[in-house]
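> The lines below spell out each chain.
Protein chains: 2
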Amino acid sequence: MTYYQTKNIGVVPPPHLSDKLRLYHVNMNPYGHRVLLILEAKRAKYEIYKLDPLKLPEWFKEKNPRLKIPVLEIPTEQGDKFLFESVVICDYLDEMYTRNPLHSTDPYVKAQDRLLIERFNELIKGSLECFDTNFAFGSEQIIQTLDIFEKELASRGTNYFGGNRPGMLDYMIWPWIERLLLLRCVNAKKFDSKRSLFPNFADWSDQMQLDDIVKKHAHSPMEYFDYYKNARAHCMAQDWL
Amino acid sequence: MTYYQTKNIGVVPPPHLSDKLRLYHVNMNPYGHRVLLILEAKRAKYEIYKLDPLKLPEWFKEKNPRLKIPVLEIPTEQGDKFLFESVVICDYLDEMYTRNPLHSTDPYVKAQDRLLIERFNELIKGSLECFDTNFAFGSEQIIQTLDIFEKELASRGTNYFGGNRPGMLDYMIWPWIERLLLLRCVNAKKFDSKRSLFPNFADWSDQMQLDDIVKKHAHSPMEYFDYYKNARAHCMAQDWL
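From first to last, the protein sequence lines stand for chains S and G.
Positions 1 to 241 (the UniProt record's numbering) are the ones given, in order, by the first sequence.
Positions 1 to 241 (the UniProt record's numbering) are the ones given, in order, by the second sequence.
The set of hints was computed from the structure by calculation and includes no laboratory data.
C-beta atoms are modelled at their ideal positions from N, C-alpha and C, and glycine is treated no differently.
Treat the hints with caution; some may be incorrect.
To be verified - For lysine-lysine, the following BS3-like pairs were computed, each having C-alpha atoms within a straight-line distance of at most 27 Å:
| # | chain 1 | residue 1 | chain 2 | residue 2 |
| --- | --- | --- | --- | --- |
| 1 | G | Lys110 | S | Lys81 |
| 2 | G | Lys61 | S | Lys125 |
| 3 | S | Lys68 | G | Lys110 |
| 4 | S | Lys63 | G | Lys125 |
| 5 | S | Lys110 | G | Lys110 |
| 6 | G | Lys61 | S | Lys110 |
| 7 | G | Lys81 | S | Lys45 |
| 8 | G | Lys68 | S | Lys151 |
| 9 | S | Lys61 | G | Lys125 |
| 10 | S | Lys63 | S | Lys50 |
| 11 | G | Lys110 | S | Lys151 |
What the hints assert, rightly or not - Residues of chain S placed beyond 10 Å of chain G at every Cβ, according to the derived structure:
| # | residue |
| --- | --- |
| 12 | Val88 |
| 13 | Arg184 |
| 14 | Phe198 |
Claimed, not checked - Under 8 Å between C-beta atoms, here's a sample of chain G residues computed to sit facing chain S:
| # | residue |
| --- | --- |
| 15 | Ile48 |
| 16 | Tyr49 |
| 17 | Ile74 |
| 18 | Asp91 |
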């Protein structure tokens, strides 16, 4: 992975791609985090173009009028092409790079995993609700979603949703779980008591943190805590704990 | 295809499956229509269990607490399993039955098609807005979405989105386009003038109506018109035209 750097950053678009992919990414963005995990899992050659969401370059707005983030730029014989939506980008990468297949080869399990990735959106919505200080509703959505994933892991009887190693579902939900760990910075005792409600999921979370791919793009709970505190998370965390 | 019939309908669940699939379907429902098209395209063996959305059986609610419709029931060695979400069900069928592949084998084209299927949700939302009599907003959404698909078809330069025959994207959007044709019943002249704004898409629509798979589950514009009139579409159609 290389970071794209130029003194003209933001004024002119980056050069056309030759042999690698380019991810347009906003720092700390969980959807971009998904794509980073899959790029690493697939050992794809890529560079990151960092975007400031408050100062999106004009050429970027022209290429991407709906201002979707993240975006994957792909070199092809017909010129560079763009893909949007983290889940679609990640499925594309899984199909394009046959090394380390992340989706189950069983179409039924793959379909179930896709439904669970969709279901996980409720935890994402819950986190946003908490962030918007609608805490009671948001935390209930988070707890209910964690309960579904706890039961799913217990019924699969494996360390990871993907079996004996992380698969697509594991990586698709990880960015938000990594961020939830910031709550331990606020009140470790209360965090640990909530955690004990979801023993399988807690073990899964411990193991995910040791995964080499996860470690490459990990931030510590304290880094997330500081990041979100600078936005609006301080009140969210106090309400939560 | 066989329809499931029993005098106990609604009281006890239908028997376990042996060699075929079962689709739980609400008559005239466009999401179920999607699955019917793919079941036919794949020549899968299936039966339909018709549900009345106002009288959902208790056993159905227990199996499906979120009351999702349509549902595909699949016989497996571990008993019958259930799949939800029309797009996930259809992708599952495409992977499970290798005959007549509906998704492109090019992962980039497949990803683009998935994005377009998602984009099409705006036409679906627009139709619902019209149905809710928020006509100005709804019709603008429909027109904008049709414009995207018109341009996409022109840029592909093929008769169908899938190439020289209908593919997954064609069938995923068809149920709503078949229903839009009801507007011709209200004001043919105005319908035809709108239609002329989208010449490629209009040709595509003409060809889709002649497709054998489409014909198996087609309803005439007048049937849809009567059906929606009985709900609330009468005012929608009058506003539209």
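> Taking 27 Å as the top limit, are the C-alpha atoms of Lys110(S) and Lys110(G) close enough?
holds (16 Å)
> Are the Cα atoms of Lys81(G) and Lys45(S) separated by 27 Å or less?
violated (39 Å)
> Have a go at the Tyr49(G) hint: is there a Cβ in chain S nearer than 8 Å to its own Cβ?
Not OK, violated: Tyr49(G) not within 8 Å of chain S, min 19 Å.
> Is the Cα-Cα distance between Lys68(S) and Lys110(G) 27 Å or less?
Distance ~19 Å between Lys68(S) and Lys110(G) Cα, so the pair holds.
> Is Lys61(S) close enough to Lys125(G), meaning Cα to Cα at most 27 Å?
holds (25 Å)
> Please check whether the beta-carbon of Arg184(S) is more than 10 Å away from every beta-carbon in chain G.
Non-interface label on Arg184(S) holds, nearest chain G Cβ at 32 Å vs cutoff 10 Å.
> Would you mind confirming whether the straight-line C-alpha gap from Lys61(G) to Lys125(S) stays at or under 27 Å?
The hint holds at about 25 Å.
> Under 8 Å is the threshold here; is the Cβ of Asp91(G) close enough to any Cβ of chain S for the hint to stand?
Holds, about 7 Å.
> Beyond 10 Å from every Cβ of chain G: is that where the Cβ of Val88(S) lies?
The claim breaks: Val88(S) does not keep its Cβ more than 10 Å from every Cβ of chain G (closest is about 5 Å).
> Is the Cα-Cα distance between Lys68(G) and Lys151(S) 27 Å or less?
holds (20 Å)
> Can the restraint linking Lys61(G) and Lys110(S) be considered satisfied, given a maximum Cα separation of 27 Å?
Judged against 27 Å, a Cα distance of about 24 Å means the pair holds.
> With 10 Å as the threshold, tell me whether Phe198(S) passes as away from chain G on beta-carbon distances.
Non-interface label on Phe198(S) holds, nearest chain G Cβ at 20 Å vs cutoff 10 Å.
Going through the hint list in order, the structure does not satisfy hints 7, 11, 12, 15, 16.
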